[in-house]
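Please work from the sequences and hints to get the whole structure.
Taken in sequence, the protein lines are chains U and F.
Its first residue numbered 1, the first sequence is counted upward by one per residue in my numbering.
Its first residue numbered 1, the second sequence is counted upward by one per residue in my numbering.
Please note: incorrect hints may appear among the correct ones.
[Claimed, not checked] Each computed DSS-like pair below joins lysine-lysine, with the alpha-carbon atoms no more than 25 Å apart:
| # | chain 1 | residue 1 | chain 2 | residue 2 |
| --- | --- | --- | --- | --- |
| 1 | U | 100 | F | 251 |
| 2 | U | 157 | U | 82 |
| 3 | U | 91 | U | 102 |
| 4 | F | 429 | F | 371 |
| 5 | U | 91 | F | 251 |
| 6 | F | 371 | U | 157 |
| 7 | F | 251 | U | 88 |
| 8 | F | 330 | U | 250 |
| 9 | U | 291 | F | 330 |
| 10 | U | 250 | U | 312 |
| 11 | U | 157 | U | 59 |
| 12 | U | 140 | U | 91 |
| 13 | U | 59 | U | 140 |
| 14 | U | 88 | U | 100 |
| 15 | U | 140 | U | 157 |
| 16 | U | 254 | U | 291 |
| 17 | F | 429 | F | 393 |
| 18 | F | 330 | U | 157 |
| 19 | U | 250 | U | 291 |
| 20 | U | 59 | U | 8 |
| 21 | F | 330 | U | 254 |
| 22 | U | 254 | U | 157 |
| 23 | F | 330 | U | 255 |
| 24 | U | 255 | U | 157 |
| 25 | F | 371 | F | 393 |
| 26 | U | 88 | U | 140 |
| 27 | U | 88 | U | 102 |
[Claimed, not checked] Between beta-carbon pairs, the in silico distance windows are:
| # | chain 1 | residue 1 | chain 2 | residue 2 | range |
| --- | --- | --- | --- | --- | --- |
| 28 | U | 279 | F | 32 | 49 to 59 Å |
| 29 | F | 386 | U | 288 | 53 to 63 Å |
| 30 | U | 288 | F | 108 | 54 to 64 Å |
| 31 | F | 250 | U | 264 | 50 to 60 Å |
| 32 | F | 43 | U | 221 | 12 to 22 Å |
| 33 | U | 88 | F | 270 | 11 to 21 Å |
| 34 | F | 416 | U | 80 | 54 to 64 Å |
| 35 | F | 250 | U | 108 | 22 to 32 Å |
| 36 | U | 221 | F | 256 | 50 to 60 Å |
| 37 | U | 168 | F | 270 | 26 to 36 Å |
| 38 | F | 108 | U | 63 | 39 to 49 Å |
| 39 | U | 99 | F | 32 | 53 to 63 Å |
| 40 | F | 32 | U | 288 | 44 to 54 Å |
Quick caveat, the hints were computed from the structure, so don't treat them as lab data.
In this text, a Cβ means the ideal position worked out from N, Cα and C, and glycines have one as well.
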Amino acid sequence: MKNLGSDKFSSIEAVREGLGRVSYITSRQVATTVYLAYHLGKPVLVEGPAGVGKTELAKTAALFLDLPLIRLQCYEGLDEAKALYEWKYGKQLLYTQLLKDKLDDIIRGAEGFSEAMERLRLYEDIFFSWQFLEPRPLLKALRQEGGAVLLVDEIDKADDEFEAFLLEILSDYQVSIPEIGTVAAVTRPFVFLTSNNTRELSEALKRRCLHLFIPFPPPELEREIVRVRVPGIAEGLNRQVVRFIHEVRKLDLKKLPSISETLDWARVLVILNAESLNPDLVRDTLNIFLKFEEDIALVEDRRHQMVAAAVKEG
Amino acid sequence: MEELIRSFCAAARQAGVRISTAETMDALRAVAVVGPGDRRLLRHTLGVTLAKSIPEKLILEETFDRFFASGPFQDLPREGGTPGGEAAGTVGRDLSPLSSMLLMGDQAGLLAALGAAAAREDLGRIQYGTQVNITAWRILESMGIAALDRDLEALRRGGERGAEETAERLGELRSYLAETVREYVRRQTGVAIEARRGPLEEARLRHANLSGLEMRDYERMHLVVRRIVKKLNDLYSRRRRRARRGQLDFKGTFRRNVPYQGILFETVWRRRKVDRPQIVAICDVSRSVIRVVRFLLLFLYSLNREIVGIRSFAFCTNIVEISHLLERFKVGEALARIQNSVDLDLIMGRTDYERAFGDFRARYIDAVGPKTTVLILGDARNNYNDPCPENLKAIFDRCRQLIWLNPEIPSLWGTGDSEIRRYAPYCTKILKCYTLSHLERLVASLLRN
Numbered sequence: 001m002k003n004l005g006s007d008k009f010s011s012i013e014a015v016r017e018g019l020g021r022v023s024y025i026t027s028r029q030v031a032t033t034v035y036l037a038y039h040l041g042k043p044v045l046v047e048g049p050a051g052v053g054k055t056e057l058a059k060t061a062a063l064f065l066d067l068p069l070i071r072l073q074c075y076e077g078l079d080e081a082k083a084l085y086e087w088k089y090g091k092q093l094l095y096t097q098l099l100k101d102k103l104d105d106i107i108r109g110a111e112g113f114s115e116a117m118e119r120l121r122l123y124e125d126i127f128f129s130w131q132f133l134e135p136r137p138l139l140k141a142l143r144q145e146g147g148a149v150l151l152v153d154e155i156d157k158a159d160d161e162f163e164a165f166l167l168e169i170l171s172d173y174q175v176s177i178p179e180i181g182t183v184a185a186v187t188r189p190f191v192f193l194t195s196n197n198t199r200e201l202s203e204a205l206k207r208r209c210l211h212l213f214i215p216f217p218p219p220e221l222e223r224e225i226v227r228v229r230v231p232g233i234a235e236g237l238n239r240q241v242v243r244f245i246h247e248v249r250k251l252d253l254k255k256l257p258s259i260s261e262t263l264d265w266a267r268v269l270v271i272l273n274a275e276s277l278n279p280d281l282v283r284d285t286l287n288i289f290l291k292f293e294e295d296i297a298l299v300e301d302r303r304h305q306m307v308a309a310a311v312k313e314g
Numbered sequence: 001m002e003e004l005i006r007s008f009c010a011a012a013r014q015a016g017v018r019i020s021t022a023e024t025m026d027a028l029r030a031v032a033v034v035g036p037g038d039r040r041l042l043r044h045t046l047g048v049t050l051a052k053s054i055p056e057k058l059i060l061e062e063t064f065d066r067f068f069a070s071g072p073f074q075d076l077p078r079e080g081g082t083p084g085g086e087a088a089g090t091v092g093r094d095l096s097p098l099s100s101m102l103l104m105g106d107q108a109g110l111l112a113a114l115g116a117a118a119a120r121e122d123l124g125r126i127q128y129g130t131q132v133n134i135t136a137w138r139i140l141e142s143m144g145i146a147a148l149d150r151d152l153e154a155l156r157r158g159g160e161r162g163a164e165e166t167a168e169r170l171g172e173l174r175s176y177l178a179e180t181v182r183e184y185v186r187r188q189t190g191v192a193i194e195a196r197r198g199p200l201e202e203a204r205l206r207h208a209n210l211s212g213l214e215m216r217d218y219e220r221m222h223l224v225v226r227r228i229v230k231k232l233n234d235l236y237s238r239r240r241r242r243a244r245r246g247q248l249d250f251k252g253t254f255r256r257n258v259p260y261q262g263i264l265f266e267t268v269w270r271r272r273k274v275d276r277p278q279i280v281a282i283c284d285v286s287r288s289v290i291r292v293v294r295f296l297l298l299f300l301y302s303l304n305r306e307i308v309g310i311r312s313f314a315f316c317t318n319i320v321e322i323s324h325l326l327e328r329f330k331v332g333e334a335l336a337r338i339q340n341s342v343d344l345d346l347i348m349g350r351t352d353y354e355r356a357f358g359d360f361r362a363r364y365i366d367a368v369g370p371k372t373t374v375l376i377l378g379d380a381r382n383n384y385n386d387p388c389p390e391n392l393k394a395i396f397d398r399c400r401q402l403i404w405l406n407p408e409i410p411s412l413w414g415t416g417d418s419e420i421r422r423y424a425p426y427c428t429k430i431l432k433c434y435t436l437s438h439l440e441r442l443v444a445s446l447l448r449n
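Spelled out as structure tokens, the structure:
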């Protein structure tokens, strides 16, 4: 099994800067985890509120490493046939029909039943070879020559059986296909799993991963993220937006706005040519970062004080 | 370092974090990669490799801070001559290693000696504060305090130049050493003693009679309930999965391929319908069950978190649906809202099972179908009114099973105004339920049949 380019992982700072270069601003802790994942050869299990950049981390890691990203979106009922491989049944059936005539050629001249069987046996594995195999994301990731970043998204949505089935891949980077044998990774893929914690994952799975929790970022970090991701934004507005969002996160809402919502809002404000927050502007754009009627009503009532606070301190 | 990480793992384990040998090895490898120099980095590294959930991460970080609180011998006095100075003339001639380390101010050496001696003692096993002194003494002995005492004696008797002075310093250092070691043992075992409370606490919660529980225990209890519910979910999905496993449907395949002159071209797979757990829970929140009502609601809350498509109702005089409250609010708030009937049309008068079940029958009976399990949590104390079992029968007839959880002890069932015997014919099962172990039994019965 080969290893991915190691010059990019010379130090934690190098990883952090590398991710920063592809527009992923992150804390030292996240960089440390990625650095460790590389050096220990372990998958990373990323948890955290929706929209803090769990999936984004895997995507940027792929950019950073200059590798293809292979994504497996989990859902209830996901099984091996969808995740690992499937036989191309249609093609198999078609070929059996097409080759039916050839059958005569093969068994012509055979003396007796057992000799015909003997001759047929020489061909029996034909229909269970790579040619008739449809590789799905997991198998694809293992068979990438140059390595890949494998993202198993929202693993908590999949069934327990699927989790159990992932174990072999995560610890040994190999899978068993009964008809063909064990397929080991050409180059060890870099694996990210994300979870929204809708259910508890099994101990066995967690044990095989590094556990990374990405919380909402502190204001300085979030400002820097906005600066990088929304290039046109003025520094003053950036401060106010981040400040306001942090105020909103203190409220008791159904769904707290996360980084992706901050970015959306900042983009909208830039498009609207806003220079500074004011209560009307906030009221008109609340639905960008709040997704529930009740939440919007709650913030709408308090927007005057919150805007005042954000503008003053920003 | 290795020894240190290993004993940290032991401390964390006692704090209730499950850490396997493999994980300890992982942590060691990770520490080897990042190096032990940076304290914050080390803390994060251990968190990433050892923790498996967010609560565990918090426990680990707490343990880390306690475990790696400032090390011993940081404040070793170094007064007097530097090594090589005048004092060094007398020092180091025929003194024991321990004495010379103390006099030379060799922190690292002392730390190593202490570490080695402590490792032999297995501090993790200490359970009581009274064991501290004796253990500290044993460590001192194995560090070589006897030899130090002999040195002291020799110096005092010798009467050489400067020996008097050295003896005095060594005497001071000796008591410093003894104090440091005692402190070290106390802290290490403090970690162990404080840490060990976790599992015990859990066991206590699981078997406590829940009316006596205090507020601060609820967070913990919620976790226990979650574990039970998870067990339920796991078993369910396994059953579901087995039922769904598809096989090639030969008849279907042939039928589908008739248009292609019977050449098998498309395949048809056998699939069975997914059977999700459907639960309707009805909870009595009246005064007669006040002692356990929070427990019942908490259980309901946890169920609501874990099972999709559960509907929850609460009743006292009348019945109201509370699913939305359980979904929307944090556990403490949801419970408070239900109990104080905030924004609910719940009438907290006399318990009225007739009206409650009657209302349910009239308004919510559609929630109950042939696959539904109905859970009723209550003591069936109806203030001597007509219990009207027909209402329960109507629910029972529609559902797959009806389980009644009674928070009273069985010998009280049917006494006074308890109507549980009248309702019994229409229950698939009646279970006593006032501790978490009883709930576990419920899980099993939910899954049977």
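Hint by hint, here is what the structure shows:
{"no.": "1", "hint": "100/U x 251/F", "verdict": "holds, 22 Å"}
{"no.": "2", "hint": "157/U x 82/U", "verdict": "holds, 15 Å"}
{"no.": "3", "hint": "91/U x 102/U", "verdict": "holds, 17 Å"}
{"no.": "4", "hint": "429/F x 371/F", "verdict": "holds, 16 Å"}
{"no.": "5", "hint": "91/U x 251/F", "verdict": "holds, 20 Å"}
{"no.": "6", "hint": "371/F x 157/U", "verdict": "holds, 23 Å"}
{"no.": "7", "hint": "251/F x 88/U", "verdict": "holds, 20 Å"}
{"no.": "8", "hint": "330/F x 250/U", "verdict": "holds, 15 Å"}
{"no.": "9", "hint": "291/U x 330/F", "verdict": "holds, 19 Å"}
{"no.": "10", "hint": "250/U x 312/U", "verdict": "holds, 18 Å"}
{"no.": "11", "hint": "157/U x 59/U", "verdict": "holds, 20 Å"}
{"no.": "12", "hint": "140/U x 91/U", "verdict": "holds, 20 Å"}
{"no.": "13", "hint": "59/U x 140/U", "verdict": "holds, 17 Å"}
{"no.": "14", "hint": "88/U x 100/U", "verdict": "holds, 18 Å"}
{"no.": "15", "hint": "140/U x 157/U", "verdict": "holds, 22 Å"}
{"no.": "16", "hint": "254/U x 291/U", "verdict": "holds, 9 Å"}
{"no.": "17", "hint": "429/F x 393/F", "verdict": "holds, 14 Å"}
{"no.": "18", "hint": "330/F x 157/U", "verdict": "holds, 22 Å"}
{"no.": "19", "hint": "250/U x 291/U", "verdict": "holds, 16 Å"}
{"no.": "20", "hint": "59/U x 8/U", "verdict": "holds, 16 Å"}
{"no.": "21", "hint": "330/F x 254/U", "verdict": "holds, 10 Å"}
{"no.": "22", "hint": "254/U x 157/U", "verdict": "holds, 21 Å"}
{"no.": "23", "hint": "330/F x 255/U", "verdict": "holds, 13 Å"}
{"no.": "24", "hint": "255/U x 157/U", "verdict": "holds, 19 Å"}
{"no.": "25", "hint": "371/F x 393/F", "verdict": "holds, 16 Å"}
{"no.": "26", "hint": "88/U x 140/U", "verdict": "holds, 16 Å"}
{"no.": "27", "hint": "88/U x 102/U", "verdict": "holds, 21 Å"}
{"no.": "28", "hint": "279/U x 32/F: 49 to 59 Å", "verdict": "holds, 56 Å"}
{"no.": "29", "hint": "386/F x 288/U: 53 to 63 Å", "verdict": "holds, 57 Å"}
{"no.": "30", "hint": "288/U x 108/F: 54 to 64 Å", "verdict": "holds, 58 Å"}
{"no.": "31", "hint": "250/F x 264/U: 50 to 60 Å", "verdict": "holds, 52 Å"}
{"no.": "32", "hint": "43/F x 221/U: 12 to 22 Å", "verdict": "holds, 19 Å"}
{"no.": "33", "hint": "88/U x 270/F: 11 to 21 Å", "verdict": "holds, 20 Å"}
{"no.": "34", "hint": "416/F x 80/U: 54 to 64 Å", "verdict": "holds, 59 Å"}
{"no.": "35", "hint": "250/F x 108/U: 22 to 32 Å", "verdict": "holds, 30 Å"}
{"no.": "36", "hint": "221/U x 256/F: 50 to 60 Å", "verdict": "holds, 57 Å"}
{"no.": "37", "hint": "168/U x 270/F: 26 to 36 Å", "verdict": "holds, 27 Å"}
{"no.": "38", "hint": "108/F x 63/U: 39 to 49 Å", "verdict": "holds, 45 Å"}
{"no.": "39", "hint": "99/U x 32/F: 53 to 63 Å", "verdict": "holds, 57 Å"}
{"no.": "40", "hint": "32/F x 288/U: 44 to 54 Å", "verdict": "holds, 47 Å"}
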